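Chemist: Model the full structure from these sequences, guided by the hints.
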Amino acid sequence: MIRAISVDVAINLAQFSQQLFQSGLEHRIVEESGKQTIWVGSDREAYVVQQRLNDWLQSAPTPEEISAANAGPALKTTAIQYGLLRWLVATWFGFRRCPITWSLIAGCLAVAVFSRLGDDTYSVRVLFYPLLPEDSLVQLFLAIDSVAEAIRTLTPMLLHFGELHLIFNMLWLWYFGRQLEKLQSWWVFLLLVIVTSFVGNTAQYWHLGYNNFGGMSGVVYGLVGYAWMIYHFIPRTGLMLSNKMFVIFIAALFLMEVLASSMIATAAHAGGLIAGVLLGGLTAAYYRLYLRQDMLGHSLK
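So for the sequence shown, my numbering puts the first residue at 1; every next one is plus one.
Keep in mind that the hints are not guaranteed to be accurate.
[As the list claims (entries may be wrong)] Quick list of simulated restraints, FRET-style, between CB atoms: (1) I167 with V126: 19 to 29 Å; (2) R178 with Q139: 32 to 42 Å; (3) P133 with A14: 52 to 62 Å; (4) S146 with I80: 46 to 56 Å.
Rather than coming from a laboratory, the hints here were simulated on the basis of the structure. Just so you know, these numbers come straight off a predicted model, no measurement behind them. In this text, a Cβ means the ideal position worked out from N, Cα and C, and glycines have one as well.
Modeler: Spelled out as structure tokens, the structure:
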């Protein structure tokens, strides 16, 4: 195994270790000469551990905060207020780092409240995919003759029908969106969202022939496909993704088609996934072959 990094023995790495295992990164933590050493299986994994540990240490509570949390009622109140302030500041900086991801989440939550989680579809009818001729894709594309109709090919991603539908999509949008948005320019991530949303929604409309569908699932699967390609072909980027996680998403897509195709927009999932894989492949080829980089922003050595 390869030594990734060593830290002081006073630091509790239990939570960090659990996060690594959850992301599929096998490792061992060994105490050596008053230090805790993290061992991994490859140089790439060592680099990923170093980056994640640095982020984790910056966000972990300080000893003073822990002491304040365990103190008397007055100090606990102060600690709660301080913790709330820290949360608000962290949320603000999180929004500044990933404005598109957080804006999409806020938009979905607002639409969910306004439509009562999809029970009142009439109030949000303007967000449904426009009624276009579905005889062929060429006719469908040519029928999009205004900016409003073009926007409506994207807005079904804001619609959700039920609590589980909303929660599932928002969690995965946050998980993948915040990683990918921080790696590249904002307009690259926005383009990724637009393309995967358009392809997923159009695939679903063309497959069904009607527009009573919605959800961020097409975009989520697009982000999964894109991230998987980056994970494999630009590995030093350090995305929190594994082959096991990707297989689970593919298996879930297959099961949804077999068991609940009439209730779930599987064509949108598949369309978004294919678009994400293609865009990820193009991005990887651009970085590896043209820019000669094996990590976003770092040259090959």
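Chemist: To test your reading of the hints: which numbers does this structure violate?
Modeler: Per hint list: zero violations.
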